[in-house]
Amino acid sequence: MKNTTILILSILFLSAFSVSPGADEILKKVEENMSSENRVFESEMIIHGRRGSRTITSKTYSVGDKQSFTEYLSPPREAGTKMLKLESQLWIYSPSTDRTIQISGHLLRQSVMGSDLSYEDMMDDRKLTEIYSARLIGEEKVDERNTYALELTAKVEDVAYHRRKVWVDTERFVPLREELYAKSGQLLKRTTLSDVQKIDGRWFPTVVVFKDMLKQGDGTEFRMTSIQFDQEIPEYLFTKAALKQ
Amino acid sequence: MIRFLIKGIMRDKNRSLLPILVISIGVFLTVLGSCWFKGIFTDMIDVNANFSTGHVKVMTRAYAENVDQMPNDLALLGASEFVRELNTTYPNLEWVERIHFGGLLDVPDANGETRGQGMATGWGIDFFSPGSNEPERMNIPGSIVQGALPSQPGEALISDDFARRFGISPGSPVTLFGSTMYGGMAFANFTVAGTVRFGMRALDRGAIIIDITDAQAALDMADATGEILGFFRDGQYDGEKAAAIKEAFNARYEGDPDEFAPTMLRLNDQNGLEDYLALSESISGIMIFVFVLAMSIVLWNTGLLGGLRRYNEFGIRLAMGEEKGHIYRSLITESVLIGTIGSVAGTALGLAAAFYLQEYGLDFGDAVQGGGIMMPEVFRTRVGPEAFYIGFIPGLFSMVLGNALSGIGIYKRRTSVLIKELSV
Amino acid sequence: MLAFKLAFKNIFGAGFRTFLNIAVLSFAFVIIIWHNGVIDGWNQQARRDTIEWEIGQGQLWHPDFDPLDYLSYPDAHAPLSAPIKALVDEGQLAPILITQASAFPQGRMQGVILKGISPQQHILKIPSSKLETSGDEAPALIGTRMAKDIKMKEGDQLLLRWRDKNGTFDALEITIAGVFNCNVPTIDGGQIWLPLERLREMTGLPGEATILVAGDGYGGGGQPPWIFKNQDYLLADLDMIIQSKKGGGAIIYGLLLIIALLAIFDTQVLSIFRRQKEIGTYIALGMTRWQVVGIFTVEGSVYSILAILLGALYGGPLLWYSAKVGWAMPAASTDMGISIAERIYPVYGVGLILFTVLLVVLTATIVSFLPARKIARLNPTDALKGKVQ
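Which chain is which? The protein sequence lines are A, B and C, in order. Reading the first sequence from the start, the letters are residues 918 to 1162 in this note's numbering. Reading the second sequence from the start, the letters are residues 278 to 701 in this note's numbering. Reading the third sequence from the start, the letters are residues 5 to 393 in this note's numbering.
Keep in mind that the hints were calculated from the coordinates and are not lab data. Computed from a predicted structure; not experimentally measured. Each hint should be verified, as a subset may be incorrect.
Claimed, not checked - Keeping only pairs whose Cα atoms sit at most 30 Å apart, straight-line, the calculated DSS-like set for lysine-lysine is:
id: 1; chain 1: C; residue 1: LYS152; chain 2: B; residue 2: LYS518
id: 2; chain 1: C; residue 1: LYS169; chain 2: A; residue 2: LYS983
id: 3; chain 1: A; residue 1: LYS1132; chain 2: C; residue 2: LYS13
id: 4; chain 1: B; residue 1: LYS601; chain 2: B; residue 2: LYS284
id: 5; chain 1: C; residue 1: LYS169; chain 2: A; residue 2: LYS1082
id: 6; chain 1: A; residue 1: LYS1157; chain 2: A; residue 2: LYS1132
id: 7; chain 1: A; residue 1: LYS1100; chain 2: C; residue 2: LYS134
id: 8; chain 1: C; residue 1: LYS169; chain 2: A; residue 2: LYS1132
id: 9; chain 1: C; residue 1: LYS129; chain 2: C; residue 2: LYS328
id: 10; chain 1: C; residue 1: LYS155; chain 2: A; residue 2: LYS1128
id: 11; chain 1: A; residue 1: LYS983; chain 2: A; residue 2: LYS1072
id: 12; chain 1: A; residue 1: LYS1128; chain 2: C; residue 2: LYS169
id: 13; chain 1: A; residue 1: LYS1115; chain 2: A; residue 2: LYS1058
id: 14; chain 1: A; residue 1: LYS1115; chain 2: A; residue 2: LYS946
id: 15; chain 1: A; residue 1: LYS983; chain 2: A; residue 2: LYS1044
id: 16; chain 1: A; residue 1: LYS1058; chain 2: A; residue 2: LYS1072
id: 17; chain 1: A; residue 1: LYS1100; chain 2: C; residue 2: LYS157
id: 18; chain 1: C; residue 1: LYS169; chain 2: A; residue 2: LYS1044
id: 19; chain 1: B; residue 1: LYS601; chain 2: C; residue 2: LYS281
id: 20; chain 1: A; residue 1: LYS983; chain 2: A; residue 2: LYS1161
id: 21; chain 1: C; residue 1: LYS129; chain 2: C; residue 2: LYS233
id: 22; chain 1: A; residue 1: LYS1072; chain 2: C; residue 2: LYS233
id: 23; chain 1: A; residue 1: LYS1132; chain 2: C; residue 2: LYS328
id: 24; chain 1: C; residue 1: LYS134; chain 2: C; residue 2: LYS152
id: 25; chain 1: C; residue 1: LYS155; chain 2: B; residue 2: LYS284
id: 26; chain 1: C; residue 1: LYS378; chain 2: C; residue 2: LYS13
id: 27; chain 1: A; residue 1: LYS1157; chain 2: A; residue 2: LYS976
id: 28; chain 1: A; residue 1: LYS976; chain 2: A; residue 2: LYS946
id: 29; chain 1: A; residue 1: LYS1072; chain 2: A; residue 2: LYS1100
id: 30; chain 1: C; residue 1: LYS152; chain 2: A; residue 2: LYS1128
id: 31; chain 1: C; residue 1: LYS157; chain 2: C; residue 2: LYS134
id: 32; chain 1: A; residue 1: LYS1100; chain 2: A; residue 2: LYS1058
id: 33; chain 1: A; residue 1: LYS983; chain 2: A; residue 2: LYS1115
id: 34; chain 1: C; residue 1: LYS157; chain 2: A; residue 2: LYS1132
id: 35; chain 1: A; residue 1: LYS1128; chain 2: A; residue 2: LYS1082
id: 36; chain 1: A; residue 1: LYS1100; chain 2: C; residue 2: LYS155
id: 37; chain 1: A; residue 1: LYS1115; chain 2: A; residue 2: LYS1044
id: 38; chain 1: C; residue 1: LYS169; chain 2: A; residue 2: LYS1100
id: 39; chain 1: A; residue 1: LYS1044; chain 2: A; residue 2: LYS1058
From just these sequences and the hints, can you work out the full model?
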């Protein structure tokens, strides 16, 4: 009798995992897919303002999640501006003034280049699995693709968004949509990811649209024009001295 | 006859010097006083006009909507052409571009890295165009604590408190880090030319004033400006003229649905100055009336005294057979002469003083601070058109009236009584 | 006494002219009192309003709190210690928690300051009792300026987004439970008042505060880590503005006073000229010349006394009326960042009136004395003959 109970319980327990992959497992797969030892990419950021849109191109080198170095390529005014991120510190170098300015504290919450992203948004470098506990809430279609809908709730305190919803492609394990919520449940931001391409053997979304849901406007579009994984990046790039070069 | 009287006035110091002196002083005080009233009641208005509203102001509609947030992304494009056009269409106003912005002031160390930084409010104003009145308009020369006005592009004035907090002084570099008109990152290096005190805590904590061309370059606002301010060339705000200009201007864009179409506001429409303007006008009117009334009474009295003083003279003249009417007429003519001389002299002196105080003001600021401030601690007179004639009301009119009243005595008293007053 | 009797006699003898002199001097007298009264009234009202609405009997600030630097707010808060809590419970201190947020009126983003205040507090006049929670709604109070700025009225809803102590975003629709009208712009513009406990909960800072406002019973002094800022410190800006207004006003009544004194001076010169025989007679009767100077000087001061009496006669009711109905200030004047009531009620202190009386009498005496000095140099026989040069 006792054994049968254990048997039934363990079957029930196991079946929860076997029907579809567990939420944590999905997240882990996404992370495996999206993150790499290092990467080098060129991107365009299209910012829609009240006066029209403008495009900023940049080249970014990043190692892991802690170090990144970005050089802006265009428009001419921004070209040569460099941004260095080490852990939670951020420096910006402008060639026209030959100055390195540290952005710290609450200034990190300002918007970057008039976009719907703050410096802080760009700097959040922790793995989702480290800070959220995930729950699978269903399967939905997003852009004609089957997705797992995950609900992520913060398990640590110092996060910008208490709850997220992520829609992950069931085949490619690429997120296609993400919604960020306030503690109160208010939808704050929506991110839409598309143009998923296979690069160096992994699926990667190359277009991301960020939209601040509380503000009027068309949001900010982020487009990867080239991306390479596991490149050799010289260590000196991630020093303040490199900013001036 | 008049020449004869003038001779008499000149030769008899008792008849001329004292009354003329009293009238001159009185008229001087009246003119100065009335300009002073006008000055202090319009003071708040002027500060607003000079600092933010102009006599009229042109912005895009979208900018006007959020003007408090310094939304330079909504600035007016094609500014120089626009200013040229405004100057042609409304030549009796001086049109100036201004950019009001916010940003971070960053103080570098020897390696060009951040040593300290603070939030700042900034203005781009016209420092360098020949004949620009902008620095004086914002009372910048008077509020400099250290250093001097910027003399070339790339120089800036910053608040004195900020400079002290970060241990920088004229000659030190600072970097402005802000956001361009298009949302991009704005970086610009400036050399501190001088430090200023505003007299408002929020501005004294962090503010930077640079040339408008520097601001345009730094904020990527080539030929764009946040605001175009119009000031009447005579410096006097005329609400009715401003309203007419505003209406004519805005009518041109009535059919234009563009949120970036220009719109004009006059001083009254901004910062809620309408009511304040009305109040200050009525108060200064009342005060000037009281002042003129008081002065009139005093000079009337002087006229009375002037007549009374001469009763024995009249007695002799009557005894010598002069007509009463003739004496009376000569008395009046004399008083007109004296009143005119006194009023002209007094008005001239009063205007001179008023113009001086309009220009330089009277500083009630704490002299120990080592520099004035931009907010009104300096009081100024304001010379309006009425300053040119207001002194004649007490100076001429009441003076003559006083003489005329006292002169009636000539008719009332009998010759014998007047002679008795001669009493040798 | 003789001098006074003579003086009154002579002055009344001059009739109409005397009245003119007195009238002008009384103008000056009344206007000096009125002007100073208005400024004092404004000063008192502004101080009183600022004390009642904003600063209480002083404030305890968290050491990191800098009201002008909103970037300091996220770090400027601390829990209340037991002794402070006791003072709060006794009603001697009112804790206020201050944080920054974004408001989204009509889809625009606008930076605002959130202030949490206890609905039960009685130290400040802010109608915080309206924040008493009723159900799930998040009630908020705003001032009239803020209401105009964000185009909101009572009952409207406003979306707020803020970050809690960990930087986690949160957002909430609040309901405007009331719009208060007060003359202190520093608690109105760009600010939203919420129930203290609610804001503590929203920011994850239970039991904490940024500043504490002291009430009547508070003894003063800091309570580590809190730094006590007394009223003088908190009112310094206001005092400076009012002082400068006084300076500008002093010129006005200075000029008016000079005009009045000019009249007295003029009258004195003439009366000395015309009354030489009288002067000679006094001296011949055995008065010293300085006694005669005294008579004429007193005559001059009597003008001032009469002027004060006349001033009191018409000025009294006028000033009283003005103090009663006040002086309407335009609503707009409050936009200039200083506390100005809609109506200023002049306040006439005893000190002000005494000072003005003294000022008028003293200056009138001096200007009467100046021409009278001439008498002292007079040769009595010449004077008797009426020859003065």
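Practice task
Against the structure, test the hints numbered earlier, and report the numbers of the ones violated in rising order.
Solution key: Violated hints: 3, 6, 22, 23, 25; rest satisfied.
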